[in-house]
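Line order of the protein sequences matches chains V, P and L. If you read the first sequence in my numbering, its first letter stands for residue 4, the second for the next number, and so on. If you read the second sequence in my numbering, its first letter stands for residue 50, the second for the next number, and so on. If you read the third sequence in my numbering, its first letter stands for residue 215, the second for the next number, and so on.
I should point out that these hints are in silico values taken from the structure, not numbers from a laboratory. Errors might be hidden in some of the hints.
What the hints assert, rightly or not - Output of the computed footprint for chain L on chain P, the stretches with three or more beta carbons under 8 Å from beta carbons of chain L: (1) 96–106; (2) 248–258.
Unchecked claim - Just the calculated beta-carbon pair ranges, DEER-fashion: (3) L/ASP298 with P/VAL190: 47 to 53 Å; (4) L/ASP445 with P/PRO192: 34 to 40 Å; (5) V/GLY80 with L/ALA416: 56 to 62 Å; (6) V/GLN188 with L/ARG473: 39 to 45 Å; (7) V/ARG26 with L/ASP298: 49 to 55 Å; (8) V/ALA200 with L/GLY303: 31 to 37 Å; (9) P/GLY281 with L/ALA458: 55 to 61 Å; (10) L/GLY303 with V/ARG89: 41 to 47 Å; (11) L/VAL216 with V/ARG318: 55 to 61 Å.
Ideal placement from N, C-alpha and C gives every residue a C-beta, glycine not left out.
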Amino acid sequence: MSVIETRGLRRDFTVRVKAGWLRRRTRVVAAVDGIDLTVERGEMLGYIGPNGAGKSTTLKMLTGVLSPSGGQVRVCGLTPVAQRTRLARRIGVVFGHRSQLWWDLPLAESFALLRHVYGVPAGDHAGRLAYARRMLELDAFLDTPVRQLSLGQRMRGELTAALLHGPEILFLDEPTIGLDVVSKQAVRAFLATLGAAGDTTIVLTTHDLADIERLCRRLIVIDQGRIVHDGSLDELHARYGSRRRLVVDLDEPLAAPLVAPGLTVEAVQADGRRITYALDGAVVTAGDVVRRLTEVAALRDISVLEPDIEDVVARLYTRREGPPPR
Amino acid sequence: MGSAGFTAYRHIVAAQVRGQAQYRASFAIDLVGSVMFGVIDLASVLVLFRVVPALGGFALGEVFLMATLAGVAFALADLAVGNVERLRVYVRSGLLDAVLVRPLGVLTQLTAIDVAPRRVGRVVFGVAVLALAASRAGVAVTPLSLALLLVTPIAGAVIFSGIFVATATVAFWWIESGEIANGLTYGGLNFAQYPITIYGAILRRLFAYAIGFAFVAYYPALALLDRADPLGGPAWLGYAPPAAAALVAGGAALVWRIGVRHYRSTGS
Amino acid sequence: MVRAYVALAIAGFRRYATYRQAAAAAIVTNSIFGFLRCAILFAVVDAGSRVVAGYDEPRLATFVWAGQGLIGTVLIWAPTDLADRIRTGDVVMDLLRPVDPVWQQLAGDLGRAAHASFTRFVGPVAVGALFFHLRVPSRPATYVLFGCSVLMATIVSFGCRFLVNAAAYWLLDARGPQVAWTLLSGFLGGLYFPLWFLPDAAARALIVATPFPSIIQLPLDVLVERGTVADQVAMLAVQASWAAAILALCRWVQRRGERKLVVQGG
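Work out the full structure, taking the sequences as your base and the hints as a guide.
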């Protein structure tokens, strides 16, 4: 049985707009417009989309804090809104902007309190806490009141808190937002290890595409309430034609553009001695280009850049190449 | 403050009034609420007379006059500088730094920016009951007594305002002092509502004379009622409120200045 | 499950313990008002015949000082934490925990009250005992009854504060209800003057028909032993009824508020 199953999931919002002095016009906006989703146990799923695309709304419906306007949703076999308390024991949630810790208690006491709230056996709790302390380096601020923690420290605390009861699914809504680089990497490393273990399903919404690259084997792009892409990162690149780039440093600028029979390659950037080529993997390899170059010029240095996900997604958001699947 | 400062003050207050009027329902509730506070204050005084004929040697009408004098003074002060106790919030959150940077006096900004028009309700109510109390107590309608009725609440308001500001200033040194400030401001109101004859010597010396609350209502009421002071004070004390107010205002201004200087030098 | 709520109560106890300075400042204010109120009420008794509406001077002194102590223990002043969380939407985090939000907060508040009874209650009473002649209970049972009474009062006060905050689910801000609560709980609760200064019928009506006297007046009347043991137990019964009624109302309002949050998106 899948841990998450939705069919035709919808959520409408009524927006009241002022139309003149006293009157108001109401408009119904579909924040989530028919989402079919199936997630198996142990998957690591990234959920991205422009602002207002419906990411957080979907997450709220999956966790039971927002009721759907239409469609069906099952999480861990339960109906989120109706069986919220039962579901709460089996999922962990980290909402980047909101805290589940007790503001004026030391972090350690929040953890202890959560053990009682969720009814976690002492041994299990101690084991998970020890693991988190090690992996997220909590010891330095374990006794500090939560309100005095920096955002990075607090987020590490939230992550720990969400996992102490051993949930089957971990939902994260923008967990790395506003964090400094070091904290981001710590959080990513922690989640990657967790995901690799295979017991916990991880569903992550984010704006930070580096999170996706590091963590998510499966990527769902949502736009205007609909799924626009559902597959792996490589599939995304392939589908939207994102290309690897070959950067070469020459001893002297090229006299003429590079041509050769059977060699189709586009120079996307030429700054004197440095030329950047975009490689269409289907028709030419980096090796082909390098071989041809060495025939006509003296090569000083080369490097290959993987396709830029920011690039792809930006194009997705703005131009939407290709028909969106329904 | 200077004319430029006053103009700025006026504009800030006007903007505040416009902004708050938008929340009409909340505003109405606040207005009713603030009037109700005044009603309850007075009702609490009146209830006592249900069980006794006199308090501290004074009858209902006389005590009512004192209570209403104190009430109007407090309402005026609350309207003018009531929000200065928010200083604590500003200091703690660091917002005060933004205030210090602007070319206006700190106190001006604090009182103008958070001015609460709803408190006018309590002032209007207070004036109405004061008129009622004065007529019920049989205050003679002479130019002198009318002048006294006009000047006393204003002087009293200055005294209360001074206490408001001075106690709020302590937030510069001790953030949690807000609670104690309430004891002196609302406590002061409570104190001034009754004839000071009911208080023990220490309490009297501290609140009535040292802080000056006796000049908010008690002595002026004696003058208005043309009564001799059971404590043996001279009759001219009833006309001393303006002088007392000036002293309190001066003291408060000094405390304020010291507080701001302290904040500036320590950077909080 | 019970262990969860006990843990939450202990957490409430410890959280409150961190606010030491605020508690100290509050005790000073309580003391100022204690002196003022005693002076006023003693003037009443002096002008009367040593006993007014069933209160003599020692009883009134205890009424005033224990009353000041109760203010901080049952917590009359309603902090708007919950209302703020409702407004910002942070309240959804409460929904993601497998415990009932009302019981969760009640547990925390009881923990707080437990700590407050050592500080906010004992403080003013100690000051009062130092300067005034307080009435000490003549019956040992009174101590137990008073303890129960304070517990009931805390629950009723919690319920009212909860409702004041929960208004934020439907209103722009909880200020209106907060103002109403502050006014009514003081005036009709016995904080400004003993309710028995009012006509008997009025006082009885207030006690039975409103929750406010259950918060201040009744516990104090139990403490000063107004009447017989049967009378004290009767007062406790009134408080218990109000505690049950208010909690039921809280749970109903919570369910409605949750539904609004979940269905309309807050």
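Status of each hint after checking the structure:
no., hint, verdict
1, 96–106, "holds (count 9)"
2, 248–258, "holds (count 3)"
3, L/ASP298 with P/VAL190: 47 to 53 Å, "52 Å, holds"
4, L/ASP445 with P/PRO192: 34 to 40 Å, "58 Å, violated"
5, V/GLY80 with L/ALA416: 56 to 62 Å, "59 Å, holds"
6, V/GLN188 with L/ARG473: 39 to 45 Å, "41 Å, holds"
7, V/ARG26 with L/ASP298: 49 to 55 Å, "32 Å, violated"
8, V/ALA200 with L/GLY303: 31 to 37 Å, "33 Å, holds"
9, P/GLY281 with L/ALA458: 55 to 61 Å, "57 Å, holds"
10, L/GLY303 with V/ARG89: 41 to 47 Å, "23 Å, violated"
11, L/VAL216 with V/ARG318: 55 to 61 Å, "57 Å, holds"
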